[in-house]
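Novice: These protein sequences, in sequence, are chains A and B.
Position one of the first sequence corresponds to residue 1 (the working numbering), numbered consecutively onward.
Position one of the second sequence corresponds to residue 114 (the working numbering), numbered consecutively onward.
It cannot be assumed that every hint is accurate.
[Claimed, not checked] Within a straight-line C-alpha distance of at most 20 Å, the following computed DMTMM-like cross-link-like pairs (lysine to aspartate or glutamate) qualify: (1) A:K71 with A:D38; (2) A:K57 with B:E208; (3) B:K171 with A:E79; (4) A:K14 with A:E79; (5) B:K181 with B:D198; (6) A:K57 with A:E79.
These are calculated hints, taken from the structure and not from any lab test.
Model, not experiment: these values are computed from the prediction.
Listed here are the chains, written in short residue letters.
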Amino acid sequence: NAGVTQTPKFRVLKTGQSMTLLCAQDMNHEYMYWYRQDPGMGLRLIHYSVGEGTTAKGEVPDGYNVSRLKKQNFLLGLESAAPSQTSVYFCASSYNGRSGELFFGEGSRLTVL
Amino acid sequence: AQSVTQLGSHVSVSEGALVLLRCNYSSSVPPYLFWYVQYPNQGLQLLLKYTSAATLVKGINGFEAEFKKSETSFHLTKPSAHMSDAAEYFCAVSESTSGTYKYIFGTGTRLKVLA
């Protein structure tokens, strides 16, 4: 049982480059989330989705786009990377967006030079 | 908007001592509250959650938390710390926005266990 899988796990970008992070879950969860983790700031919600074809903005959505074309996948895109987007990104999923447990991937470490 | 505040970004305890990690929430409605643990280079995993049933919630690895509405608190405790408890701990609350829910996390508390 893979749970939540994120790819890639590490990536180095130059300022202005674009990239996509892929999150895949095999638990048939409706809710999926993208967070970024920075020292001293905890986890901050970037975007989330409450079902296939839906997306919504979180606390820090600027500079990111997302898509949920298939229920099991949630993509996070950076169109023009900036050094401020250097972070560890976590994807999570939940069967119930109110009281359900969040299942996390192992994280994707992104460095923007 | 709902929020959680974790007092103390770093906490050190001796092995065998009581662990107390603090979390206060702000919410105008009964909240759903969670504690997660993150070990180095891993994702987060659920320790326990409060969903308006019993106010004292027991979780994995001997941790428990008590929901106190009067104090708007949900502090995490463990009677006797073990070296393997060294990790970062996050308090979280679920928040409703236009009928959908999202999870808001605190800034985390890094627990160090001294031999």
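Novice: Let me make sure I understand: some of the numbered hints might not hold for this structure. Which ones are they, in numerical order?
Specialist: Of the numbered hints given earlier, those the structure breaks are 1, 3 and 5, listed in rising order.
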